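Asker: Residues per chain, in single letters:
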Amino acid sequence: MPKSILLDPRIKRCVAAVRELPPRDAEYAPLPESLHPMLKRALAENGIARLYSHQAEAFECVTAGENIAVVTPTASGKTLCYNLPVVDSILKDPSSRAIYLFPTKALSQDQVAQIHAITQPFNMGIKTYTYDGDTPVSARKAIRSAGHIVVTNPDMLHTGILPHHTKWLRLFQNLKYVVVDELHTYRGVFGSHVGNVLRRLKRIAAFYGSHPQFICCSATIANPLELAERLTSETVRLVDRNGAPSGKKTFIIYNPPIVNRDLGIRKSCLLEAKNLAANLISEDIQTIVFARSRLAVEVLVTYLKDAAMKGPVDDGRVRGYRGGYLPAERRAIERGLRDGSVTCVVATDALELGVDIGRMEAAIMAGYPGSVASSWQQAGRAGRRSGESLAVMVMSSAPVDQFIAQNPSYFFGKPPEHGHLNPDNLYILLSHLKCAAFEIPFEDGDSFGTVPPAAVADALDYLADQKILHRSGNKWFWMDDSFPAEEISLRSASSDNFVVVDTTEAPASPRLIGEVDRFSAPMLIHEGAIYIHEGQQYHVDRLDFNEQKAYVTKVNVDYYTDANLAVSVRVIRENDANDDATGEAGDDLDGERPVPAKSLGEVVVTAVATMYKKIKFYTHENVGSGRIHVPEEQMQTAAYWFVAPPDLTEGLSKEEVQSALLGISNAVANIAPLHLMCSPRDIGVVSEVRSPHTRLPTVYLYDSYPGGIGLAEKAYEIHRLILAASLDLISGCPCADGCPSCVGPTVEVGSEGKKLSIRVLQGLLEVGGESRDGI
Amino acid sequence: MEYRDRLESLRKMVEDISRRGRERGRERDGNPASTVPAVPCGRGVRDAVTVTETAYSLDHVHGEYRVGSVLSASHRLVQVIARDFREFDGLSSVAFLDTETTGLAGGTGTLAFLVGIGRFEPGSFKVTQIFLHDPAGEPEFLEKTSSALEGAAAIATFNGKSFDIPLLETRYAMNRMRFPLADPFHVDLLFPSRRIWSPVLQSCSLSSLEEAVLGFRREGDIPGWLIPSIYASYLHDRDEGAGEGAIEPVMSHNRTDILSLTVLLARLAACFNESVDRGGARSAVEALGAGLHCESLGLKREALRLYQESLASGIPGNLLPRALWGALRLSKGLRKWDQCLDLARELAGSSGDVHAWIEIAKHDEHRSKDYAAALSAARTALELLQARRAITSTSRSRLEADIHHRIQRLERKMNGNRARPST
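If you read the protein sequences in the order shown, they are chains C and L. Using our numbering, you'd call the opening residue of the first sequence number 1 and step up by one each time. Using our numbering, you'd call the opening residue of the second sequence number 1 and step up by one each time.
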């Protein structure tokens, strides 16, 4: 019984909240009358005599010609929601074709196995293939002409299928269904890209005379319908009445004990998660531990391997799982989880998705995963089908974590986040208009998804000015010696990876051990860094930035490294609309122009990794540091900013203003994602004591994606709500003078940081004289 | 600024090359039977597509060869080179085809704007070039390409299997039309050229082959990589009213490619059959390449003959083992044991080849039944293997185990002989 760990009084003391989620009974519906008899037999063979109610509803809607978005929890039999109508339609008309889209390759392979379970025993003649980067060239031709169901990922669709659509004639002429599983992952910049990839897909299908229906499936999020409709540019019907049963689950919010009240320091959440997991492993309870970063995953694997080791040799019962592991390694870990030879896996959110790893009895989250939706997804890994299970969320000292630990009802009562995407982001849209023009020439009057013809024409004229397109008659032709899709990555960092090369054994025959995305490279594999892979430490001897290679050798040291990122912001354009500000913050120093209380505009963000610290294992003390020499990265994006008017900072020294700004920035950076319903990584917050743009103390909040995806804009709208919540966080924190859970550590913000932050925030909220709830 | 400068210098380079091309165009084309009509270019042109025909006499000399030389190649020889034994209607039905495109990237966004098609007619070789002045005229361009291919049942290209033909098929599909030749007899000269000349050439591009094999030097020709940008600026300048004659260098480049195709086919045929009209004798390297090609098609006797010729005519040392092994493989298949032994001895002697010593051991054990000699050969093989470190570990250990096994068996056999003295 996983719950038995709660009997330990040391553990019990730290429980901030417990929720028992009762088991729920199944709601069934009979197999649809119209189902092809062969499919009925195949279902019977798989032990399926009736459907869950949502599966039947999905089938009816799809048969009636509707696009649907199915939203039900993990392990509720979502795949049948699309496999049923798709297989049925192919049996009734063998020329029918379908595309299945999964966000990752791993999921595609899983999926094919599931369809085969239905289609193969009866030799239905339905051919299902994965088509991705791993598909051998020799097999591709057959897949193009004969595959009924092509299972792929958005990246392959983008570079490998759409730009070669003439080779997929059969598929596009007969395309009836496009299945988009894991809909909730298509958020932010990735979702904005994929929305455009689907616009291109529909355009090509229309060229061949087909108009596919979309079947989307999602984990629980706040706005699945809106997300599905923005992603597909179609009208979609929501199917969310879950008919699947679930077992009893205990969800615990665990707050590590305070070790230093003055500094507000609690015991490390990693160490606490490690202790909990070690307890479970010793009882042979299969456990998944989620950590928030790759580094945290590796540190935990190291600790847990130590704790779980029974003999002198590592028996492989504890494994890591994160981006950067090679595919074969991942497959082996997934198998080990299914067959029980792996007792504990430590993962990043890579395992949040529907990779089939069988049923886990317990899930431990080392830190709040950053969003309500992710928390439930990760908790859902435990007890997927039935039976009692345990989920423990171990809170860190981070402000949001502490906010939730102190207000658990906020977490349990909160709907999961919205999925935001903005397919009309100009950078992203232009990129895909290029790809679309490459695929089929645009004609006068063509629209693109929901982008109207006039806007499309403007963009195409721009591309023609760049001599990328050539206009002739009423058409724009691609006229450039390049392949645009290959230059555009759908994920901000996936195509541009650094590889990590181990030169320990033979400098002459180096071994590739992993990959790191470009954005993380300066932080993780700078020279002098300790790179940890599967618990093994490697010292980075050399980072070749141009070749995108890091050369490492195995080491065994008692510390890990943590890098600092220095970020600065420069305003390049301020929106005119800012003039109607809700209140004027005061005149600027020359008295010429009023500075609005809040502004929205475009900025250039410059980030550079400057130095790193060596941190000792277990004690986490700082045992040294070094400089990092890597080029800076620049990004143009959307930002919103607000200023502290002179009367608020009157009498404060420059250092004191800085203290207040740092404190406010820290609180805003942590609170804003809760209200913007995004991941903390999606935004950045920085401050300046005297901004060259506003000439006043200023705090900026920007979108962490080139061009922006609408987060700064939303933050601008709820400006006062963010300030009020930040004030609540800081003034409600039990610490004395400020701590990492509110304004940040006193060593960084100063001993007056908490008091000053509260004073400035209160002042800001009084400006305009509105009530605090009046946003 | 720097980017603009680079762009400007590129543009200037294109203009220079175009001008030189125009000046030299006629002299370089030598003595075609009919004069080359200049392509009408620029804004004055109403038609979106121009079709140009250029006829060459069969005696027109391209490099060191006559354009007509290929006509002496037999039907079967062409089948061997094409690696396709389907029937086709002889060389008069072959369309020698080459396209010029807006890029090398492939995919649906790359256009072919010039298709050149060469056909043998009684007494001449005629090159038809279909040029697209305006991308909007692509349907007409493809129709005219189809008519130029009328009567052709086979095609010859250089890398056309991977590039030109899939690209044209894509263009037809984009315009909801059908490429007129479905799964045609297609001799792609790149594959056999690579097989034959890659051991001695750095690159097997058409221009390298022209220089090294056909004795032809392109002078004043535009480099192929410039062609997409020449066409793009042609389209742009044409809109501005300029661009007259900018395309002629591309047309000429394309005609040169097609003439090279015919003589390259003749040159390849000569590598397989000495009787084909040719400039020089088949070299040992060419005989080896032709042998490998024939062997891959299962033409064993022909392959053996070619390997033997390559050995007889002084194959360079670095290729010698390949020729010897080729001859050994086929002699074994034909059960010519004595020849096998000679070849294995030569291999063993010339390069200390482990496998050759194993062949000798096999021969001594199974055919001459000289176990002592076999044992000694097997032991030599083992020593050689152990002295060498370059062989990768898995194949090495398997080989080593095999030899050990052989040695043990031989030792048993020898002991057995001793244990059972004459009865």
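Watch out, some of these pointers could steer you wrong.
Straight-line alpha carbon distances no greater than 25 Å define the calculated SDA-like cross-link-like pairs of lysine to any residue that follow [claimed, not checked]:
1) C:K167 x L:E240
2) C:K141 x L:E240
3) C:K475 x L:P139
4) C:K249 x C:K141
5) C:K614 x L:D84
6) L:K144 x C:S472
7) C:K475 x L:F191
8) C:K475 x L:P184
9) L:K161 x C:N497
10) C:K167 x L:G241
11) C:K141 x L:P184
12) C:K141 x L:G224
13) L:K161 x C:E486
14) C:K141 x L:A105
15) C:K167 x L:D183
16) C:K176 x L:M174
17) C:K167 x L:Y172
18) C:K141 x L:G241
19) C:K475 x L:S162
20) C:K167 x L:G106
21) C:K141 x L:M177
22) C:K176 x L:A105
23) C:K475 x L:G241
24) C:K467 x L:P139
25) C:K141 x L:Y172
26) C:K141 x L:R178
27) C:K475 x L:R178
28) C:K475 x L:R86
29) L:K144 x C:I615
30) C:K167 x L:S368
31) C:K467 x L:E150
32) C:K467 x L:P184
33) C:K12 x C:A26
34) C:K167 x L:S146
35) L:K161 x C:P136
36) L:K161 x C:S145
Think of the hints as simulated: they come from the structure by calculation, not from any bench. From a predicted model like this one, the values you see are computed outputs, not experimental measurements.
Asker: Taking the hints in turn, state whether each one holds.
Answerer: Against the structure, the hints:
1. C:K167 x L:E240: 36 Å, violated
2. C:K141 x L:E240: 44 Å, violated
3. C:K475 x L:P139: 14 Å, holds
4. C:K249 x C:K141: 48 Å, violated
5. C:K614 x L:D84: Not satisfied, since the Cα-Cα distance of roughly 66 Å exceeds 25 Å.
6. L:K144 x C:S472: 20 Å, holds
7. C:K475 x L:F191: The hint is violated at about 39 Å.
8. C:K475 x L:P184: 33 Å, violated
9. L:K161 x C:N497: 33 Å, violated
10. C:K167 x L:G241: Not satisfied, since the Cα-Cα distance of roughly 38 Å exceeds 25 Å.
11. C:K141 x L:P184: Within the cut-off at roughly 18 Å; holds.
12. C:K141 x L:G224: 29 Å, violated
13. L:K161 x C:E486: Given pair K161 of chain L, E486 of chain C holds - Cα atoms ~23 Å apart, limit 25 Å.
14. C:K141 x L:A105: 19 Å, holds
15. C:K167 x L:D183: 15 Å, holds
16. C:K176 x L:M174: 21 Å, holds
17. C:K167 x L:Y172: 12 Å, holds
18. C:K141 x L:G241: Since the Cα atoms of K141 of chain C and G241 of chain L sit roughly 45 Å apart, the hinted pair is violated (cutoff 25 Å).
19. C:K475 x L:S162: 29 Å, violated
20. C:K167 x L:G106: 12 Å, holds
21. C:K141 x L:M177: 21 Å, holds
22. C:K176 x L:A105: 30 Å, violated
23. C:K475 x L:G241: Status holds; Cα separation ~20 Å.
24. C:K467 x L:P139: 23 Å, holds
25. C:K141 x L:Y172: 19 Å, holds
26. C:K141 x L:R178: 19 Å, holds
27. C:K475 x L:R178: Roughly 22 Å between the alpha carbons, so the hint for K475 of chain C and R178 of chain L holds.
28. C:K475 x L:R86: Status violated; Cα separation ~43 Å.
29. L:K144 x C:I615: With a Cα-Cα distance of about 73 Å, the restraint between K144 of chain L and I615 of chain C is violated, given a limit of 25 Å.
30. C:K167 x L:S368: The given pair, whose Cα atoms are some 59 Å apart, is violated under the 25 Å limit.
31. C:K467 x L:E150: 36 Å, violated
32. C:K467 x L:P184: Outside the cut-off at roughly 37 Å; violated.
33. C:K12 x C:A26: Given pair K12 of chain C, A26 of chain C is violated - Cα atoms ~33 Å apart, limit 25 Å.
34. C:K167 x L:S146: 20 Å, holds
35. L:K161 x C:P136: 19 Å, holds
36. L:K161 x C:S145: Judged against 25 Å, a Cα distance of about 18 Å means the pair holds.
Violation of the numbered hints given earlier is confined to hints 1, 2, 4, 5, 7, 8, 9, 10, 12, 18, 19, 22, 28, 29, 30, 31, 32 and 33; the remaining hints are satisfied by the structure.
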